[in-house]
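Undergrad: Here's the letter readout for the chains.
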Amino acid sequence: MDRRTFLTAALAGGAVAGMATRGEQAKAQTVRTSAKIVIIGAGAAGMALANRLVRRLDGAQITMIDPRPNHLYQPGLTLVAAGLKPASYVVSENSDWLPSGVSFVADKVSAVDAISKTVSTEGGQTLDYDWLVVAPGLVLDHDAIDGFSLDMVGENGIGALYAGPEYAAKTWTAASRFTEEGGTGIFTRPATEMKCAGAPLKHTFLIDDIARRAGNAGKVNMVYAAPQGSLFGVPIVAEKVRMLFEDRGVETMMNRTLTAIDASAKRATFATETGTEEVDYDYIHVIPPQRAPEFVVQSGLAWADKWTDQGWVECDMQTLRHLRYPEIFALGDVAGVPKGKTAASVKWQVPVVEDHLIAAIEGREGTETYNGYTSCPLITRIGRAMLVEFDYNNNLVPSFPGVIAPLEELWISWLMKEVALKATYNAMLRGRA
Amino acid sequence: MKDLTFETLIAVFEEIFGRGLFWTMVAAAALVTLAFLYVLIRDWAVSWKKFLIAQLSMPVGAVLAVWFVMVMTKSKLSDLGGPVDLIVLLGIASVGAVGMAILVYTLEALLGTKRTKGEVDS
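Protein chains in written order, with the numbering used here: chain G, 1 to 433; chain C, 434 to 555.
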């Protein structure tokens, strides 16, 4: 083969590869419809669904409603609160992800009328819908902790990483001081359902590791306080965490719910089974009770007999379709299902809702189901994590069985969290993963 | 991971490096590989003199690749926790080693050095 034949062959090979990809893209079939679809919420769930729907539907009027101009990559907040990433790591513009052809209403939903099929906003707009996807996320009820307000975060040893990127960064200010000066650190979680139940554990492990690296392991007294009787909802994971806590010397205060803090005295009040208990701290991480946005309960979309203090949307566990209003779906944190307030769950839920929604538009039944899949790369120190994946039945459902052991502290699981997770998340937002 | 297809993988890599950088890197890797193949076909023989230098550069490539990944991901060698971690580490090292060897061999064949000039193939 001379130089020219070689180059010609190389070019031809490239052209064939290019044609193959183009052929695949043309294969995706679209459904013609004039349906009006309203998606409440432009978070992970709403944005990923919108991007998938525009690809599958031709002619649909899709409207997204969200008061916030920014998109938050919430799985990154634990990294920000440990000083591993800057606050900007989790923030992007909604417009970076918003597909063309979808209208965006920058407003807060005030009510849904499921009978007349309309959504009203606080700004006074009313939108009709044929299909509604409720994905507004959840509300952090900071007022439920007496004596606590967000302006305290970062000072006097108070952290609250759930509250957003700037508060996660302030949490690091307080936590890093604790890792240097030592004392008692209390790491709490709420009694309600919550976003990513692994995050309070991750924060505990990371702060412990950072103090250890600074040579201050002897100066810090780490305490994990939880309203529940076990360290994690999945028993086999709870046992593993118990062993890790024993190894790291993290003490536990189980069956204790944080009810108040006295910032000037650095004293926290916990409700116990029999009364209250006061504990002094040098650092406290506050995670408040979490509930559905007000309009969900007010509009009669919530469960009447479950989670009555929290108001999650009443929906089928497998299809996420509302049990009383078949034209409404719930997606993400707001869905009233026993598991799954994580971005990984959203990744599994979105194709299910997409399938049932499109099937319904076509007048048939969808086939996809959600099995409660939730995943958590549970960081146990900088450089190591356990890839914990489970379903509704508390079964472990490892994605890479025999390769990545679920209950082992591995570097590869850390690499996934550090390198691949945000990329996978972004690909999901674009509807490509 | 759900549906870990080739397309998903490409999408993930595009997000990690940014679309521009990722495809530039793919193009660079493809170009070096093509140049390597070109040199092999042109010379129709493996030059053992060039291959010696290429082989000697392999450990350098391996160490560089591991160092790059460790720094980028805030990791330490002591973070390796199980067999899969060792496999990943060796994989990274091998990719670095082979990449470096191909690069060095190709550069030497294309640019030529005093040591290998005057060989039958040039």
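Since the hints were made in silico from the structure, they are not lab data. Glycine included, every Cβ here is placed at the ideal spot set by N, Cα and C. Wrong hints could be hidden among the right ones.
As the list claims (entries may be wrong) - Straight-line distance between alpha carbons at most 30 Å, and here's what the computed BS3-like set of lysine-lysine pairs gives:
no.: 1; chain 1: G; residue 1: K195; chain 2: C; residue 2: K482
no.: 2; chain 1: G; residue 1: K108; chain 2: G; residue 2: K266
no.: 3; chain 1: G; residue 1: K36; chain 2: G; residue 2: K219
no.: 4; chain 1: G; residue 1: K117; chain 2: G; residue 2: K306
no.: 5; chain 1: G; residue 1: K219; chain 2: C; residue 2: K509
no.: 6; chain 1: G; residue 1: K219; chain 2: G; residue 2: K117
no.: 7; chain 1: G; residue 1: K219; chain 2: C; residue 2: K482
What the hints assert, rightly or not - Which bits of chain C does chain G cover? Going by a derived footprint, with three or more residues having C-beta under 8 Å, they are:
no.: 8; stretch: 438 to 451
no.: 9; stretch: 507 to 521
Said to hold, decoys possible - If you want the ones that stay clear, here's a sample from chain C, every Cβ over 12 Å from chain G, calculated:
no.: 10; residue: M458
no.: 11; residue: W481
no.: 12; residue: P492
no.: 13; residue: W500
no.: 14; residue: V502
no.: 15; residue: M503
no.: 16; residue: I525
no.: 17; residue: V531
no.: 18; residue: L536
no.: 19; residue: V537
no.: 20; residue: L540
Undergrad: Determine for every hint whether it applies to the structure shown.
TA: Against the structure, the hints:
Straight-line distance between C-alpha atoms of K195 of chain G and K482 of chain C comes to about 61 Å, which puts the hinted pair past the 30 Å bound. Among the hinted pairs, K108 of chain G with K266 of chain G is inconsistent with the structure: their alpha-carbon atoms are about 36 Å apart, more than 30 Å. For the hint linking K36 of chain G to K219 of chain G, the alpha-carbon distance of about 60 Å lies beyond 30 Å, and the restraint is violated. Restraint check for K117 of chain G and K306 of chain G: the C-alpha separation of about 25 Å stays at or below 30 Å, so the hint holds.
The straight-line distance between the Cα atoms of K219 of chain G and K509 of chain C is roughly 24 Å, inside the 30 Å bound, and the hint therefore holds. Distance check on the hinted pair: K219 of chain G and K117 of chain G sit about 59 Å apart at the alpha-carbon level, beyond 30 Å; violated. Among the hinted pairs, K219 of chain G with K482 of chain C is inconsistent with the structure: their alpha-carbon atoms are about 60 Å apart, more than 30 Å. For the stretch 438 to 451 of chain C, the stated coverage by chain G holds: 8 residues have a C-beta nearer than 8 Å to a C-beta of that chain, and at least 3 were required.
Judged by the Cβ-Cβ criterion of 8 Å, the stretch 507 to 521 of chain C is covered by chain G as claimed, because 11 of its residues qualify and three suffice. Taking the minimum C-beta to C-beta distance to chain G, about 15 Å, the non-interface status of M458 of chain C holds against the 12 Å cut. Non-interface status of W481 of chain C relative to chain G is upheld: no Cβ of that chain comes within 12 Å, the nearest being about 22 Å off. Under the 12 Å C-beta cut-off, the non-interface status given to P492 of chain C relative to chain G holds; the minimum distance is some 22 Å.
The claim that W500 of chain C is not at the interface with chain G holds, since no C-beta of that chain comes within 12 Å of its own (minimum 15 Å). At roughly 8 Å, the least C-beta separation between V502 of chain C and chain G is not larger than 12 Å, which violates its mark as non-interface. With a closest Cβ-Cβ approach of about 9 Å to chain G, M503 of chain C is found to fall inside the 12 Å limit, against its non-interface label. Non-interface call for I525 of chain C relative to chain G: violated, since the shortest CB-CB distance, roughly 10 Å, does not exceed 12 Å.
The Cβ of V531 of chain C sits about 20 Å from the closest Cβ of chain G, beyond the 12 Å cut-off, so the non-interface label holds. Its beta-carbon lying about 18 Å from the closest one in chain G, L536 of chain C satisfies the requirement of being farther than 12 Å from that chain. Against the 12 Å criterion, V537 of chain C stays outside the reach of chain G, whose nearest CB is about 21 Å from its own CB. Even its closest Cβ contact with chain G, about 18 Å, leaves L540 of chain C beyond 12 Å, as expected for a residue assigned away from the interface.
In this structure, the earlier hints numbered 1, 2, 3, 6, 7, 14, 15 and 16 are contradicted, and the remaining ones agree with it.
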